[in-house]
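4 protein chains.
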Amino acid sequence: MTNTSFVDPRLELIAAASHFYQQGWMVGTAGNLSCRIPDGSFWITASGRSKGELQLGDFIRMHPDGRIEREGSANNLKPSAETSIHQTIYSLFPDAIACYHVHSVEANLVSGFTNSDNLSLPPLEMLKGLGVWEENPNCEIPVFTNHLQVPQIAAEIEKRFSKTSPQIPALLIRNHGVTVWGKSTTDARNYTELVEYIFRYMVAYKK
Amino acid sequence: MTNTSFVDPRLELIAAASHFYQQGWMVGTAGNLSCRIPDGSFWITASGRSKGELQLGDFIRMHPDGRIEREGSANNLKPSAETSIHQTIYSLFPDAIACYHVHSVEANLVSGFTNSDNLSLPPLEMLKGLGVWEENPNCEIPVFTNHLQVPQIAAEIEKRFSKTSPQIPALLIRNHGVTVWGKSTTDARNYTELVEYIFRYMVAYKK
Amino acid sequence: MTNTSFVDPRLELIAAASHFYQQGWMVGTAGNLSCRIPDGSFWITASGRSKGELQLGDFIRMHPDGRIEREGSANNLKPSAETSIHQTIYSLFPDAIACYHVHSVEANLVSGFTNSDNLSLPPLEMLKGLGVWEENPNCEIPVFTNHLQVPQIAAEIEKRFSKTSPQIPALLIRNHGVTVWGKSTTDARNYTELVEYIFRYMVAYKK
Amino acid sequence: MTNTSFVDPRLELIAAASHFYQQGWMVGTAGNLSCRIPDGSFWITASGRSKGELQLGDFIRMHPDGRIEREGSANNLKPSAETSIHQTIYSLFPDAIACYHVHSVEANLVSGFTNSDNLSLPPLEMLKGLGVWEENPNCEIPVFTNHLQVPQIAAEIEKRFSKTSPQIPALLIRNHGVTVWGKSTTDARNYTELVEYIFRYMVAYKK
Chain A
1 MTNTSFVDPR
11 LELIAAASHF
21 YQQGWMVGTA
31 GNLSCRIPDG
41 SFWITASGRS
51 KGELQLGDFI
61 RMHPDGRIER
71 EGSANNLKPS
81 AETSIHQTIY
91 SLFPDAIACY
101 HVHSVEANLV
111 SGFTNSDNLS
121 LPPLEMLKGL
131 GVWEENPNCE
141 IPVFTNHLQV
151 PQIAAEIEKR
161 FSKTSPQIPA
171 LLIRNHGVTV
181 WGKSTTDARN
191 YTELVEYIFR
201 YMVAYKK
Chain B
1 MTNTSFVDPR
11 LELIAAASHF
21 YQQGWMVGTA
31 GNLSCRIPDG
41 SFWITASGRS
51 KGELQLGDFI
61 RMHPDGRIER
71 EGSANNLKPS
81 AETSIHQTIY
91 SLFPDAIACY
101 HVHSVEANLV
111 SGFTNSDNLS
121 LPPLEMLKGL
131 GVWEENPNCE
141 IPVFTNHLQV
151 PQIAAEIEKR
161 FSKTSPQIPA
171 LLIRNHGVTV
181 WGKSTTDARN
191 YTELVEYIFR
201 YMVAYKK
Chain C
1 MTNTSFVDPR
11 LELIAAASHF
21 YQQGWMVGTA
31 GNLSCRIPDG
41 SFWITASGRS
51 KGELQLGDFI
61 RMHPDGRIER
71 EGSANNLKPS
81 AETSIHQTIY
91 SLFPDAIACY
101 HVHSVEANLV
111 SGFTNSDNLS
121 LPPLEMLKGL
131 GVWEENPNCE
141 IPVFTNHLQV
151 PQIAAEIEKR
161 FSKTSPQIPA
171 LLIRNHGVTV
181 WGKSTTDARN
191 YTELVEYIFR
201 YMVAYKK
Chain D
1 MTNTSFVDPR
11 LELIAAASHF
21 YQQGWMVGTA
31 GNLSCRIPDG
41 SFWITASGRS
51 KGELQLGDFI
61 RMHPDGRIER
71 EGSANNLKPS
81 AETSIHQTIY
91 SLFPDAIACY
101 HVHSVEANLV
111 SGFTNSDNLS
121 LPPLEMLKGL
131 GVWEENPNCE
141 IPVFTNHLQV
151 PQIAAEIEKR
161 FSKTSPQIPA
171 LLIRNHGVTV
181 WGKSTTDARN
191 YTELVEYIFR
201 YMVAYKK
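First to last, the protein sequences are chains A, B, C and D.
Its first residue numbered 1, the first sequence is counted upward by one per residue in UniProt numbering.
Its first residue numbered 1, the second sequence is counted upward by one per residue in UniProt numbering.
Its first residue numbered 1, the third sequence is counted upward by one per residue in UniProt numbering.
Its first residue numbered 1, the fourth sequence is counted upward by one per residue in UniProt numbering.
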């Protein structure tokens, strides 16, 4: 899980997707992973592919303005329906190199634990891995409405985060899973694991 | 998980069964998977085989009228006790190429969440993967009584679906798991994962 | 998972133990599996071995009277502390070829669902795999007290089953897991999966 | 899982970490494992490494007084933030050869089941694997406060255990997982599995 410039970053996305699929977080082709490369474009999983068995040909290379780069992109593939969220994240956070969106049962459940725009997280040690180094921290994750038109979700993310940066590099869409971003594919994978751990705790605690 | 005409479709069924077994959805030889081939006959898992380690010789080739095709079918094998349900699905839905029946704990639990003939599903994003592209959809899955004589279940499915097509390609039998069908083995595998995801959510939400 | 006379039956026990370990049913060296061979002796897992990585040298060969057969048995190994239960099962049920004892969290939980000597099981389709072919069956599994001295447990099993045979080839010891037996290692593995499935259902239903 | 002097003990730690990671007990780089070697120094996992894919170069060799042994230690690596707890355990228990610290959701949940300094454990058969050979034992696991400064936690462990030895080789830190120790890496692995089993039981029982 080192992240050198010599490894095709799609291999990192394939490995992460396979692991997340086995956890039940990317079943039935759900979710999408992306990774930004030095020229500013990013690789993103194509629509409708099983995330447990991705291949190099299952990715599309896209420029920040939404233009698809022919070189490398598989033909006949549609970019993920949620590409606009990835574009927004890369635009908002210049340091972000990877952006992962997965759908766990627990993420859906906790998104219903509040009617507010933010969900309070318990003061678990695990928050340190997300960059929160406080004793008994008050930490929240932003929650967004799930619109049928994904660009509307992206616009609301853009609007809110332009004003206020979130405490942790993650956001929830109601009934539609979590999105995290990080400075490397390794960070994005770790953050995904950490938020999902926290959601599991919250669901079990609630019962 | 591509589905070309050059791959023996039994290999797809073997891979899906192994995956479902590992999820705990086909334990103790439970469940049965089938796939229709161009001549109109279909391969179906034989009775009493462990679904985690199927082999090519663990399938029976059956014609729509219930006649067993000798060519390819293993000798000494009994077709699955639930073959009549597969026959009914292929007869009702000419586009169906694969039909998967699995027994998860969650499918059994949710089948008891209603006394009605239909079970309401929550408005999860995951419904899109089952073909429901609406904002906050009202979606139901049909529920059937579990009779000791499986052909009686099949007859009730035939009777109800001849009048009303279900909203999603799936049905529940009380205390007896879910059956899904699709235009390819890939679709059937994805649909199985999606309905099981929704059932997990419903069980966790209920608690 | 075929069970021919040409395969060393310890290989079947090793494969089953590895699978059960991965399910969390044989953690921390818990549980023991045995298999009877044609001369009437049986192979049983030695005490204190991790069940996820058993080897041929981790078994002891024992005669029905408790005498350890030197040939094949590893030196320096103690037979499982629960050997007397296996002896009792083989003595009571002449058809039994394999006897598996595992400790799941769910088996412990359901053993506390009743104070009686028998626990009612829900009328799940899965009971068919355990030999119960009825519509809405009333089925019970016997429950025994957990004594510190295992031979006392074995004596109570012997006493009760000499009078009344159980409805299914399985018994619970309170806070101490389930024991199943069958006419082959394949049957014992399937029965283990089936009773554990039923226990998972019962625990989830109770919540 | 044999523990001979010819095997590099880091290989045991790597195997255990990979297994624990797959159980969800070491996600997002959480947790740390260590093993004492004959000269009194110990190998401990470096900070910030994914526990599912450790390599020999991901360990630091440390002396009891906290001095890092250059030979073998990877450069540029920081010792785990929780090293002081391992030092304290090795200092308190001269027989301890391995010390494992993992973060399960269940360990966090049960640490909140009491406000006291000790948590009562249920009288499960599994306690035998932790050395408690009694009928219906009254067994407790010590619970410590989670301070932001880990050495403060270590000091409180040192203070309490100097006066009273715990009944089982394990301790909980609130919202911060469990730590176990044993006379071998095999024992530490088994103890980890056993305490996690007991926590799973306690969480499910509570619901």
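Hints are computed from structural coordinates only; laboratory data are not their basis.
One or more of the hints may lead you astray.
With a cut-off of at most 27 Å between alpha-carbon atoms, the simulated DSSO-like pairs for lysine-lysine come out as follows [what the hints assert, rightly or not]:
#, chain 1, residue 1, chain 2, residue 2
1, B, K207, D, K206
2, C, K206, A, K206
3, A, K206, C, K207
4, B, K206, A, K78
5, B, K78, C, K183
6, C, K206, D, K206
7, B, K206, A, K206
8, D, K206, A, K183
9, A, K207, B, K207
Hints and how they fare:
Note on B:K207 and D:K206: the hinted pairing holds, with a Cα-Cα distance of about 13 Å set against a maximum of 27 Å. Proximity of C:K206 to A:K206 is assessed by CA-CA distance (about 16 Å); at most 27 Å being required, the pair is judged to hold. With a C-alpha separation of about 13 Å, the suggested pairing of A:K206 with C:K207 holds against the 27 Å cut-off. Straight-line distance between C-alpha atoms of B:K206 and A:K78 comes to about 37 Å, which puts the hinted pair past the 27 Å bound.
Simply put, B:K78 and C:K183 have alpha-carbon atoms about 20 Å apart, close enough for the 27 Å limit, and the pair holds. Restraint check: the Cα-Cα separation between C:K206 and D:K206 comes to about 12 Å, which is no more than 27 Å; the hinted pair holds. Using a Cα cut-off of 27 Å, the hinted pair B:K206 and A:K206 holds, with the two alpha carbons roughly 12 Å apart. Using a Cα cut-off of 27 Å, the hinted pair D:K206 and A:K183 is violated, with the two alpha carbons roughly 40 Å apart.
At most 27 Å may separate the alpha-carbon atoms for a hinted pair to count; A:K207 and B:K207 meet this at roughly 6 Å.
Taken one by one, the earlier hints fail for this structure at numbers 4 and 8, listed in ascending order.
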